[in-house]
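**Student:** First to last, the protein sequences are chains A and B. Start counting the first sequence at 6; every next residue gets the next number (this note's numbering). Start counting the second sequence at 2; every next residue gets the next number (this note's numbering).
No lab work stands behind these hints, which were simulated from the structure alone. Beta carbons are placed, not taken as given, at the ideal position from N, Cα and C, and that holds for glycine. A few of these clues could be false.
[Stated by the list, open to error] Residues on chain B that point at chain A, a partial pick, calculated with CB under 10 angstroms:
hint, residue
1, Arg6
2, Arg7
3, Ala11
4, Leu17
5, Ser21
6, Leu23
7, Ile24
8, Met25
9, Ala28
10, Phe160
11, Gly162
12, Ala163
13, Val183
14, Leu186
15, Gln264
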Amino acid sequence: MLFNSYPFIFLFLPVALLGYFALGRLGNLAPVIWLALASLAFYASSNWQFALLLLASIAFNYVVGLLLISARLGSRLRFAALAIGVAGDLLVLGTFKYAGFLAANFNAIFSTGLTVNILLPVGISFYTFTQIAFLVDAYRGNVARYALPHYALFVTYFPHLIAGPILHHRDMIPQFERAEAKRPDAHLILCGLIIFAIGLFKKTCLADGIQPLVALAFGPNTPSFDQAWIGALSYAFQLYFDFSGYSDMAIGISLMFGIFLPLNFNSPYKAVNIIDFWRRWHMTLSQFLRDYLYIPLGGNRRGRVLRYVNLMVTMALGGLWHGAAWTFVIWGVLHGLYLCINHAWNNYGPAIGPRHAPAADLAAFVLTFLSVVVAWVFFRADSLPSAITILSRMADPTQIIFGRAEMIAAVFVAVYAGIAWFGPNTQTIMGYDHRNRTVGEALGAWRMRPAFLYAGAAVLAFGILGIQQHSEFIYFRF
Amino acid sequence: MIRTRRAAAAKNLLRLLCASGLIMLMAAALNFVVDPLQIFRPARLFAAMYSQDSRMQNAGLIRSQDFDTVFMGTSLAIHFRQSDIDRRLGVRSLKLAMSGSNSHEQGFVLAAALARGAKRVIWEVDDWIFCDAPDIEANVYLPADLYRRNARGVASYLFSGAMARESAWILARSIPPIEPAVARLTTEALFKFPLSRVDDINTISPGSNVSEAYNANKTRAAFAHITDPVGSRFLAEGYDYDAMVRNFERDAAGLIAGHPDVQFDVYLPPYSILQWVAMRDASPSTLKIVYDFTAYVARRLTQFPNAKLYDFRAIREVTHDLSNYGDVIHHSPAVDLKVLSWLAAGDYVIGRTAPTASLDQLKAQVEAYRVER
Chain A
6 MLFNSYPFIF
16 LFLPVALLGY
26 FALGRLGNLA
36 PVIWLALASL
46 AFYASSNWQF
56 ALLLLASIAF
66 NYVVGLLLIS
76 ARLGSRLRFA
86 ALAIGVAGDL
96 LVLGTFKYAG
106 FLAANFNAIF
116 STGLTVNILL
126 PVGISFYTFT
136 QIAFLVDAYR
146 GNVARYALPH
156 YALFVTYFPH
166 LIAGPILHHR
176 DMIPQFERAE
186 AKRPDAHLIL
196 CGLIIFAIGL
206 FKKTCLADGI
216 QPLVALAFGP
226 NTPSFDQAWI
236 GALSYAFQLY
246 FDFSGYSDMA
256 IGISLMFGIF
266 LPLNFNSPYK
276 AVNIIDFWRR
286 WHMTLSQFLR
296 DYLYIPLGGN
306 RRGRVLRYVN
316 LMVTMALGGL
326 WHGAAWTFVI
336 WGVLHGLYLC
346 INHAWNNYGP
356 AIGPRHAPAA
366 DLAAFVLTFL
376 SVVVAWVFFR
386 ADSLPSAITI
396 LSRMADPTQI
406 IFGRAEMIAA
416 VFVAVYAGIA
426 WFGPNTQTIM
436 GYDHRNRTVG
446 EALGAWRMRP
456 AFLYAGAAVL
466 AFGILGIQQH
476 SEFIYFRF
Chain B
2 MIRTRRAAAA
12 KNLLRLLCAS
22 GLIMLMAAAL
32 NFVVDPLQIF
42 RPARLFAAMY
52 SQDSRMQNAG
62 LIRSQDFDTV
72 FMGTSLAIHF
82 RQSDIDRRLG
92 VRSLKLAMSG
102 SNSHEQGFVL
112 AAALARGAKR
122 VIWEVDDWIF
132 CDAPDIEANV
142 YLPADLYRRN
152 ARGVASYLFS
162 GAMARESAWI
172 LARSIPPIEP
182 AVARLTTEAL
192 FKFPLSRVDD
202 INTISPGSNV
212 SEAYNANKTR
222 AAFAHITDPV
232 GSRFLAEGYD
242 YDAMVRNFER
252 DAAGLIAGHP
262 DVQFDVYLPP
272 YSILQWVAMR
282 DASPSTLKIV
292 YDFTAYVARR
302 LTQFPNAKLY
312 DFRAIREVTH
322 DLSNYGDVIH
332 HSPAVDLKVL
342 SWLAAGDYVI
352 GRTAPTASLD
362 QLKAQVEAYR
372 VER
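The shape of chain B in the complex, shown without the other chains (with noise of 0.2 angstroms):
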């Protein structure tokens, strides 16, 4: 009896296992087919739809989309369109650009874009990005071995049930009929793909209140926010010159050297004259640390003949006025295009006798200024 119970259980066994990898494998062919991501192929059967977590849609959009231009950064940069960075610059452009990355993630993304053929890189660079910039397999964020392409990567993309609902929802949204209605019920809550046009990734919508979100008000409350008690013990958090240098020379210099036939313009951008000035005030260890680093980065960058470093952290008429802020360093959208304007037109360019000219402006700005209470 119980000889035979064992053997039924045996047999069971058996199936459960079966009948669980043609699960998995049919969750397989589904992500295979409709591949959310477009790591194999463009979309063409299915309609395409992007995420707005960038480190793991940037896998598929470096395989997927025509560019000859890069745009990295942090979310100083995320909110950037496309279409204006191609209209403004003449180029062809694919955004990376990752909210809180660090050098070691966007040096490894833009790496993974190069090998694509891109043949300029346009760089928004903070000083904190390189602070801490662990080992990229390490990061438990970014799918490096999705980047790779290799076996460990295509197959946790392949077996993966998060993706799989995401494919079946693609699925279902590219039947006609009910196409309307799962439309409807795409919000970012419960599906990672909500987008179809790969211009809006990360963008502003064009509904949103701009003004609320950029105000002086909400500039001057993030300032005191960071310089309270409390805050201020996080504006020295992680600065290290000797460790940020290295993680420059690895992640930015290294990237530059090793691809002289690509142009890389990189920009400091303009933080609200109140970070600058809440470190003076509650951190200034910190602030030396970032005007030395950043007088060795422009002295680094301009000896590459293929890197122009623009520094924009000393433009008054944007920097002093708060109601381009969100905070004390995001700024509003009206910022970007501008941004993109003096890219255009190759303004406040470091140049090679003079590396810390612009710095020497932005302290002298620092020194003098005075909040109001």
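Excised from the complex, chain A in its bound form (with noise of 0.2 angstroms):
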């Protein structure tokens, strides 16, 4: 089920939310099996093998993780209980994300003719890093005892379960075992509803009404100059809108229940820097892999050298992780190399004096944005040549097009360039405030602008008129 569609919109979330609140009235348990009893139907909709595969992942990593946390285990123990449930883990997410890709490439090798087809299961990327997190975290101390339900809860939640963002324990379980979240709260209903709307808008207008811009790029001709960048441009804009937008209706969905789900975006394009742009672009992700690869590596403990091995390394998983293609792993490492390059500029690089330092900003930023651009090129081609092709088609000035039909291309994705760098985002118009929960704190203010009121009524009718029958979200392959 898509949170972009009707029977989501008109069915399944109004129900959830009338069951939650009303079982709400009988006690703090019961909503919270009811919101995991609803997340797995919500799960089980497009494919009910998959929620078997899904609970039995939640069995073993309880499991272990009760293992974990009891104090009655020696620490050798303990440690191969760790290690069993992260290889569980990671050898099942092996098998139906990467065992076709291992077969690929074992047979362009030796040329066996083994082909293994296996369907990835939604979100399996996504529940197996917050599942992998609770077990380090169990194993390192910092996890109280859960109750079922709750630990259930927490990793089939619905809002966050097909793309993110990435949950911590810590931060959710609390939050499910409170009371005030089971009573309706009309401000946080109305802050969620207009979150989501903006997530439905950027979903449904911003990302698929740019969305056929990107085949002058990636589609079957080979482009020309123009249409190579209005192409990989347009892809940037729409897998930004397209992500975030998917991450605001979750943070919209959440806190119609009264949960608050960490931000995942933060204007990314803004970013004066590639440090910068991943403290803005897919931030849980990002911070997964610094708390529990990055880190655990070494992170820059052991010297400068080592630091950019285990930065690259890092960033070669992250781009592996996102699907089983070398393109992505290109791009993984192409983003290692980037992070390198800044930590050595900033550790090496000429100190910018006051009088050029909004020249070296502002070249900063387009250089930070031209870089991310060209990585987005191997993550969305369809092959390395492919990207490549369309690489020296930006590189080469000599063949351009530039017709009407581009001409108005380029006006469309300098449109989505303006809202992109110079827009606000949506914590910022409705202060939301994921560590202090706060959200719309300014909301006494809105019966004095009602105009902001009826804007939000728009973007929310756009969004649900904007709604294709084939519009999936881009983050549900990973």
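From these two lone chains plus the hints, build me the complex, please.
**Tutor:** Spelled out as structure tokens, the structure:
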């Protein structure tokens, strides 16, 4: 089931909300169980067999987590339990996500004719990472004992289940345990609905609106210089509005249930360097990779050279996490390289005087954005050769068409760039503060500014009107 | 304080929902009045505009156009002009061809057109349309409910933001002072209804360079592509004789048998000889399936009193002249006109007594053909 679908908006969400708050009158546990069951139904609606896999994964990790939390085990046994838990998770993820990729590479090297076709369970990367984090924290002694319904809801919670944000148990389970969250709060529902509306608008109007232009670069025909740039830029904006739209919707839906989800985007295309970009783009993944991969690898504690190695390894694996293809690995490696250059520049580069700071900032902003767009070409292309072809066209200004269609498309892209670069982001508009659990503190002023409310209504209406029959979220594939 | 804030929020929530509902109703009203697809009525208040998205546009054409003959097919039939069909065959035609369509889509759309009173069907049939013909309800590209004009289809049409944008654009194009400016800005990259004449839907514009699009070099390049080790894998994709026969019986034979008062002129189009040679060289098992399947189709169609089968596949002067093609199958507009002439003259009709005679000719040609390297 998609957030941008009529059955979800007009049936599933209202029923889930009504059931949650109705059961909230009966106690603190019933709504949690209801929401976990609703989340399972949400997941099973696309493929019930994968729901069984999800349940098995929850049971496995919960049991391993209990063993780790239990003080009775010795340190070696605890480590063994952690190793079995993480290995089990990675084995399942590897089987479903990477077996075909490994077989294809094996086949390419040894010409064995081996093919593996396994359907990828939606959201498996997200719920696997979420639970690995839980196991590692349990091993480190940073986890209290959670009740099974709360743990199950933490993993299955439908706003995040398919495409994140990647949640942390320490952030979420205490919220699920709060009794206040089970009582309907019109303020949170209103704010949640507006945030959802903004996300829906981003997805159905902005991301889906620019999607046809992506084919200029990534379509069947070899693009010209201008077409390649228009297509690559269009994809950069499509991906941003698609994924940040999804994250906004997830945050908005969750807020209606009284649960604050972490932010996942913070105007990433306003970044002035790559380090800054990764603090703004898919923030929960960045935090996960930092806490559970980069730092355990040694982070920056073992000298500069190893720091760069760790960065490259982290980003390459981060690329591979997005998809089982060499294009994703190259994308990750490229970003690893960017980060290394960025850190090296910070350490060894010349200091910029205040007089030249504005020009340097502008140059850094442009360079960062272009670097990100170049990397997106690998992320989007069907294969490495087609990525190289597109990039070579982007570097060859001798082949220009720039007819009427390209001119109009360029204007279209410029409008999107204007929104991404100069527009306020959702959390700024709504005053969403995840850490302090506040949102819409300026709500009182809305009575004086009905235009804001009606703008929200228009955004919701256009978002719903923009729903198309065949429009999946890009990050569903990961 | 908190209670007051919550009460205000509840009121605002209600306002927001009502305002959203109102805006959606306004969009639906706009779509109903302008009616870009002409689902409810032929265009009168506003200038008629047409889309190249034939799966969507056909739902409106079937409702709004006067026709006695339907022209169906895949991309092989998409560039035909209705005016040419009308002139050559003396009919009032409606072209409903859809690029990449399968037999189930074609059968479904044809059934909708026949329900509107068409008396003749001219049907360009490719073997591969019967390979994979999934259920029409699972087809996200064909708005089946809009063809049926049921509540779901009408609601999805009226409450569509994309359609409201088209409606607003058509509305703007109908305002005389701004019409020229709007018309200049109309491009298919942004608007789905750029055409003002139904005859222009999916045709090759008069100004385009036909010889650049259709020439022997392109045909040979396409042949090289589909016979290389990677491309040749796709030649066999989806070919399963039993499944093809099942789909044929359901989507073609069933439709013909169900409409005894309608004349079906089915034709097998003139692919370049390289299409067959590619299969011969790179996937002989696929070629055998196609031969067997089309033999079955020929035997089966000649049994129907209301069906005629034309086989244009072995017309050497066309199929061996590679300059007629843009790849190994898609022929030029000049061949479009030849097809219409053959249909008008009743040439190359398969007889009941020898349903595989032309197939045997084709087999001999394919066997004998040697590719220039």
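**Student:** Holds or violated: Ser21(B) as interface residue toward chain A, Cβ cutoff 10 angstroms?
**Tutor:** At 4 angstroms from the nearest chain A Cβ, Ser21(B) passes the 10 angstroms test, so the hint holds.
**Student:** Please check whether Ile24(B) passes as an interface residue: C-beta within 10 angstroms of a C-beta belonging to chain A.
**Tutor:** Constraint on Ile24(B) satisfied, holds at 4 angstroms.
**Student:** Hint check: is the beta carbon of Val183(B) less than 10 angstroms from a beta carbon of chain A?
**Tutor:** With Cβ-Cβ at 13 angstroms, over 10 angstroms, it is violated.
**Student:** Taking 10 angstroms as the limit, does the beta-carbon of Leu23(B) come near enough to a beta-carbon in chain A?
**Tutor:** Holds - the Cβ of Leu23(B) comes within 10 angstroms of chain A, reaching about 8 angstroms at its closest.
**Student:** Holds or violated: is there a CB of chain A closer than 10 angstroms to the CB of Ala11(B)?
**Tutor:** Holds - the Cβ of Ala11(B) comes within 10 angstroms of chain A, reaching about 4 angstroms at its closest.
**Student:** Holds or violated: is there a CB of chain A closer than 10 angstroms to the CB of Phe160(B)?
**Tutor:** For Phe160(B), the interface hint holds, since the closest Cβ of chain A sits about 6 angstroms away, which is under 10 angstroms.
**Student:** Under 10 angstroms is the threshold here; is the Cβ of Arg7(B) close enough to any Cβ of chain A for the hint to stand?
**Tutor:** Constraint on Arg7(B) satisfied, holds at 5 angstroms.
**Student:** Can we keep the Gly162(B) interface hint, with Cβ of chain A closer than 10 angstroms?
**Tutor:** holds (3 angstroms)
**Student:** Go through the hint on Ala163(B) and say holds or violated, using the shortest Cβ distance to chain A against 10 angstroms.
**Tutor:** At about 7 angstroms, which falls below the 10 angstroms cut-off, the nearest Cβ of chain A leaves the hint on Ala163(B) intact, so it holds.
**Student:** Under 10 angstroms, Cβ to Cβ, is where Ala28(B) needs to be relative to chain A, so tell me if that hint holds or is violated.
**Tutor:** Holds - the Cβ of Ala28(B) comes within 10 angstroms of chain A, reaching about 5 angstroms at its closest.
**Student:** For the hint on Gln264(B), does the least C-beta distance to chain A fall short of 10 angstroms?
**Tutor:** Violated, about 35 angstroms.
**Student:** Verify the interface restraint on Leu186(B): the C-beta must sit less than 10 angstroms from at least one C-beta of chain A.
**Tutor:** With a minimum Cβ separation of about 7 angstroms from chain A (threshold 10 angstroms), the hint on Leu186(B) holds.
Violated hints, in rising order: 13 and 15; the structure is consistent with all others.
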